[in-house]
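Trainee: Below are the chains, spelled out letter by letter.
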Amino acid sequence: MPCTPHWAPAQWHPTTPAPPGSGTVPIMFRLALPFAMLLAILLGVLLSDRPLPRADLTFSNGTDITTLDLQRMSWMQDLRLARIVFEGLVANDVFDPGYAIIPAVAERWKISDDGREYRFFLRDDAKWSNGAPVVAGDFLYAWRRAILPDTAADYYAFFEYIEGVSEFFEWRNTALAGFAEDTAALNPSQRADRARALWAETEQRFTDSVGVEVVSDHELVIRLIRPIPFFLDLCAFPTFYPVYPPLVKQYDRLDTQTGRIIAEGGWTKPPQLVCNGPYEISIWRFKRDMRLEINPHYWNRDTLNIRSIGIPSIADPSAQVLAYQTGAVDYVASVSAPFRREMVAQKNAYYREHAAELERLRALGLDPFEIDRRLPQDPRQNVHVTPAFGTYFWNFNCMERLPDGRPNPLADPRVRRALAMMIDKRVIAEDVRGLGEPIARTLIPPGSVGGYTSPEGLPCLSDCDTPEAREALIERSRALLAEAGYPDPAAMPTIELEFNKDAGHDLVAQSIAKNWQETLGLPVRLAQKELSVFRDDLKKHNFMTARAGWYGDYPDPLTFLEINRTGDGNNDRAFSNAEYDALLDRAYDETDTATRADLLTRAERILVEEQVPLVPIFHYCEVRMFDAHTLSGPNPHPRATENVFLFDILGDGLGTDRVRAMPPDPGGSK
Amino acid sequence: MIALIVRRLVQLPLIVGVIYTLTLVLAWAVPGNPLENPEGRRPPESVMAAMKAQYNLDSFPKFYFSYLDNASGFRWVRDTVSGRAAEQAAAAREAGLAPRPRPIFDLGPSLKHRDERVVGILASALPVSVALGILSILIAVTVGVTAGVVGAVRPNSFADLATLVVALIGISLPSFVIGTLFVLIFGVWLAVLPVGGWGTPQHMILPAITLSLPFAAYIARLTRMGMIDTLGSDFVRTARAKGVAEQQILLRHALKNAFLPILSYLGPATALAMTGSFVVERVFNVPGLGQHFVAAVQNKDLFLIIGVVLVFSTMLVLLNLAVDVLYRWVDPRIG
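Going down the list, the protein sequences come from chains G and B. Sequential numbering of the first sequence, starting at 1, is according to this note's numbering. Sequential numbering of the second sequence, starting at 1, is according to this note's numbering.
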C-alpha cells in the first residue's frame with residue numbers, strides 16, 4: 001500500500017502530485033479564472049452600452065409606450081408621443097380657449113354647405129422623414145388600416161362617421177368568416193389564391209364604397225354619413241394621422257390561410273420608422289429611454305425651440321417625482337406618486353402665503369401656469385393641478401337578473417336614484433383623494449364643452465348643510481326604496497360594491513358602503529378583484545355596483561353619452577333606454593347648434609337625474625410637475641392635449657425663449 | 001469532461017421543451033384577456049375574435065405548434081433556404097427602407113408592448129441584468145471572503161462578531177428595505193449617487209451593492225466555517241511547526257481549501273443574481289429582465305412570459321454546466 005503523507009487527507013496541498021491532464025496551470029490562477037471571465041463580460045457590457053449626453057428637454061411620459069402604431073393606440077402616453085413624431089391633416093391650437101383648429105399637413109380645407117363633405121388641400125412641403133412627400137394616398141392607406149376589422153383599431157368607431165365605413169366593416173367581417181368555411185376543403189395553395197382574390201376585392205370595395213377619395217396627391221375628399229360638428233377635431237386626433245405606406249405595407253402581411261391582414265409591430269422603431277412630425281426617433285431602448293431629434297424634413301422645423309428630447313423610462317410613480325426633484329427630468333406629464341396629495345397640500349400652503357398677489361393675478365384672468373410664473377419661485381410651486389376632461393363614477397348594473405340568476409334590485413331606477421343620493425361625494429373628493437377635484441353631479445364636466453348646458457343632477461349627502469336637510473334627503477331616499485317595494489332597506493338583498501385593488505378604489509368603496517349602511521341600513525359587501533378579473537366582470541355585467549371612469553376623446557357631449565347607448569361596447573351597465581337612444585340619434589341629425597345642445601342636455605338629464613345607471617362622484621384632475629419659470633409649453637386646458645414639440649426651456653438661449661400661455665380672460669371664473 | 005458537456009447540451013432542448021409546455025399550460029390558464037386595455041375602449045366582439053386569431057390565441061394546439069416553429073429556428077431555416085428572406089430584404093432596400101430584423105429564434109411579439117418583439121426586449125434587458133448580476137457577485141465574493149477570513153483568524157473576537165451581525169442583517173433584511181435606505185442616504189441626503197436609472201457606472205453602484213448583500217453574507221459564513229475547519233487541521237499545524245509564515249498559511253493553504261464550497265455556490269448564485277433581481281430593479285428603476293417576469297404575468301403577455309422563462313431556464317442549465325466544468329478543472333479529483 002503506497003504511503004500518502006499523513007497531513008494531506010482530503011485537503012489539497014502544493015505537494016499533492018498534480019493529476020494527469022491538469023498541466024502546469026497554478027492553482028491560484030485556476031481559482032482566479034472564473035472571476036477574470038466574469039470581469040471581462042462585465043467590461044464588455046459596459047463598453048458596449050455608453051451613456052448618452054442629456055437632451056435639451058427631458059420628460060417623464062408617465063408609464064411606458066404601449067404602441068406607436070397610430071391606428072392601434074389609445075393610451076395617453078402613446079398619444080402624447082404620436083403628436084411629437086407624426087402630424088395630421090389639422091391640429092388644435094392648444095393655447096386657444098376653444099382649442100381652435102389650425103392647419104397642419106392640410107394648408108386649407110373646404111366644408112360643403114350640408115356639412116357632409118370635407119375637401120382637404122395638402123401643403124407641398126409636407127415631407128416624410130426620408131424626404132418623400134406626404135400625399136393624400138398616405139392618409140387613405142392609414143385610414144383603411146384603422147377601418148379594416150383585421151387591424152382591430154381601438155378607435156375604429158370614430159371612422160364610422162365616414163360614408164360606407166360601417167357597411168364595409170360588416171362586409172369584410174362576413175367575408176372573412178365565410179372564407180374559413182368556403183376554403184376548409186381546399187389545399188394551401190388554392191387557399192392562398194382565394195386569399196389574394198379576397199384582398200383584391202376588399203381593396204376595390206373600399207375604393208368604391210367608402211367616402212374617402214384621393215383626388216390628387218394634394219387633395220383629399222371625405223364624405224360623412226351626417227354632419228359631424230367635431231369632425232375636424234377627430235382629424236387632429238392621432239388615429240387619423242398618416243403612415244408611410246411603403247414602410248407599413250411590409251408589416252401588414254396577408255395571411256394566406258385565413259385571408260386576414262396581419263398587422264405586425266416593429267415598423268415604429270428606429271431605424272425602420274419613417275415619420276412626418278416635428279421630431280423623429282433616433283434611439284428607442286425598450287424600458288430604458290428614447291431620444292428624439294428634429295426631423296430635418298419637417299416643413300415647420302424653424303419654429304421648434306428644442307433640438308432633442310429625452311424620454312427616460314421611469315416606471316415607479318415615486319421615482320418619477322424623485323427624478324424631477326434631482327433634475328433628471330424637466331417635466332412629469334402625469335404625477336401618480338402616493339404622496340401627491342401632500343404635494344398638493346404644500347402648494348395650497350404656498351398659495352395661502354401669497355394670497356393677495358394670487359387674487360390680483362386671478363382677477364387679470366391669467367391661466368394658472370402663467371400665474372405661477374408671476375409668483376415668486378418656490379419648489380412647492382412645481383406641482384400643477386388642472387381640471388381634466390374626465391369623470392370618476394360608480395356603475396349600477398341595470399339588468400333584470402344578475403348573470404348567476406339572482407334578481408337584481410338595481411334594475412329599478414328608483415333604487416338606483418335612492419342609492420345615488422346617499423353618497424357623501426365631498427368626503428371622497430377631499431378626504432380620500434385630496435387633490436382638490438370638484439365633486440360631480442353630471443357625467444360631462446360642466447363648462448368643458450362650449451355651448452353645452454349641463455343638467456342639475458341629483459342632490460347628494462354632501463349638499464346637505466344642516467342635519468335637517470340631511471334627514472329630509474334620507475327620508476326622500478327611503479320613500480323611493482319603499483315605492484320600489486323595499487319598505488325596510490335592511491331586508492334588501494346585499495348590495496355588492498366591486499372594485500380593483502389599485503389606486504385607492506378600495507377607500508372610495510368603503511366610504512360609499514359606509515354611507516349606505518349608516519343612512520339606509522342597507523346590507524353591503526365589498527368585493528375586491530384583480531384588475532383583469534374586474535375587467536372581465538364588467539364586460540360580462542357580472543357585478544351589482546362597480547367603480548368606473550371615463551375620459552372624453554373629442555369636444556362634444558357625445559364622447560361621454562355614447563357609452564350609455566344600448567349595446568355600446570363600453571356600456572358596462574347594460575343600460576338600455578329607448579328615449580335616451582332616440583335623443584342621441586336626433587342629436588346627430590340636428591343641424592341647429594342650440595337645439596342639438598338641448599337634446600343632449602335632455603339625454604344627460606335622463607342619465608344623471610331619472611334613470612341613473614351611474615353616479616358621478618368627482619371630475620378628474622391632471623397633476624403635472626414642472627417649473628413654470630423655466631419651462632413654457634404645457635397648457636391648462638381640460639382637454640389636456642399636450643404638444644411637447646411646442647415646449648421651450650426658458651432662458652437656455654435656444655429658440656424664441658418666449659412664454660406661451662392662454663390669452664387672459666378677465667371675465668373668466670378662474 | 002467532453003462527454004459531460006455533450007450530454008448536457010443534448011439534454012438542453014428536452015429540458016427547455018418540457019419547461020415550454022408546462023409554462024404555456026399554466027400561462028394559458030391565467031384569467032383575463034391579454035389583448036384588452038384595462039381602462040375602457042373595448043373593440044367590438046368580432047374585432048376581438050380577429051385579434052385573437054391573429055396571434056393564434058383562439059386555439060391552444062395552434063399556438064403551441066406555431067410558437068415552436070418560430071422559436072426553434074425552423075422557420076428561420078425555411079425562410080433562408082427558400083430565399084424568401086433575401087427577397088424581402090432586397091425589396092426593403094429598394095424602397096429606401098431599413099430591412100426588418102430577422103432573429104433566428106423568433107420568440108414572437110409582445111402582446112402588451114405591441115411595437116416590440118420578445119427577442120428585442122430580451123436583447124435590451126439581458127445585458128443589464130447580466131452586468132448587474134456579475135458586478136454584485138464580484139462585490140459579494142470580495143466582501144464575503146474578506147469578512148470570512150477576518151472572522152476565522154480571530155474567532156469570537158469583536159471583528160468576528162461584528163461581521164456575523166452584519167452578515168445576519170445582510171441575509172435577513174429584504175432588499176427593498178436596504179435599497180430604499182440606500183436611495184435615501186446616498187441619493188437624496190448626501191446626493192452623491194443617482195437615485196435610479198441605468199447608463200453610467202455610477203448608476204450600477206447602489207443596486208449592485210444592494211443585490212450583493214445576501215450573497216456576501218452567505219459567502220462570509222461559508223468562508224469562515226471552511227477556514228476555521230482548515231486552520232484546525234493537521235497539515236496546518238505541521239506547516240506552523242515548520243515555521244511557515246502565518247500569512248502564507250492563511251492565503252495559500254487555508255483559503256484555497258475553504259474556497260471550493262464557495263465555488264460550487266457561485267454557480268446558482270450567479271444565476272440567481274442575474275435573474276432574481278426583480279425587487280432591486282424595481283427600487284432602482286433598473287431596466288433589467290426581472291421586471292418582465294412579474295409584469296408579463298400580470299399582463300398575461302403570453303409570448304413574453306414564455307420568452308423570459310425559456311431564457312432563464314436556458315441560462316440556468318448553461319451556468320450549472322459551466323460551474324460543473326470549472327469545478328472539475330479547478331479540482332481534478334472530482335468527476
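These aren't lab readings, by the way, just hints derived from the structure by calculation. A couple of the hints might just be wrong.
[As the list claims (entries may be wrong)] Below, a sample of chain B positions facing chain G; criterion: calculated Cβ distance under 10 Å:
#, residue
1, A3
2, R7
3, G96
4, R282
5, G288
[Stated by the list, open to error] Not close to chain G: a few residues of chain B, all C-beta gaps over 12 Å, as computed:
#, residue
6, L22
7, K52
8, A86
9, I121
10, S172
11, T314
[As the list claims (entries may be wrong)] Rough simulated footprint, nothing fancy, chain B against chain G, three-plus residues with beta-carbon under 8 Å:
#, region
12, 60-67
13, 229-242
14, 377-385
15, 480-491
16, 526-536
17, 608-618
Note that the structure is predicted; figures quoted are calculated from it, not measured. Think of the CB as a built atom: it goes at the ideal place given N, C-alpha and C, for glycine as much as any other residue.
Trainee: The structure should be examined with respect to each hint, and the outcome stated for every one.
Mentor: Evaluated hints:
{"no.": "1", "hint": "A3", "verdict": "violated (14 Å)"}
{"no.": "2", "hint": "R7", "verdict": "violated (19 Å)"}
{"no.": "3", "hint": "G96", "verdict": "holds (6 Å)"}
{"no.": "4", "hint": "R282", "verdict": "holds (7 Å)"}
{"no.": "5", "hint": "G288", "verdict": "holds (9 Å)"}
{"no.": "6", "hint": "L22", "verdict": "holds (21 Å)"}
{"no.": "7", "hint": "K52", "verdict": "violated (9 Å)"}
{"no.": "8", "hint": "A86", "verdict": "holds (15 Å)"}
{"no.": "9", "hint": "I121", "verdict": "violated (5 Å)"}
{"no.": "10", "hint": "S172", "verdict": "holds (25 Å)"}
{"no.": "11", "hint": "T314", "verdict": "holds (17 Å)"}
{"no.": "12", "hint": "60-67", "verdict": "holds (count 4)"}
{"no.": "13", "hint": "229-242", "verdict": "violated (count 0)"}
{"no.": "14", "hint": "377-385", "verdict": "violated (count 0)"}
{"no.": "15", "hint": "480-491", "verdict": "violated (count 0)"}
{"no.": "16", "hint": "526-536", "verdict": "holds (count 6)"}
{"no.": "17", "hint": "608-618", "verdict": "violated (count 0)"}
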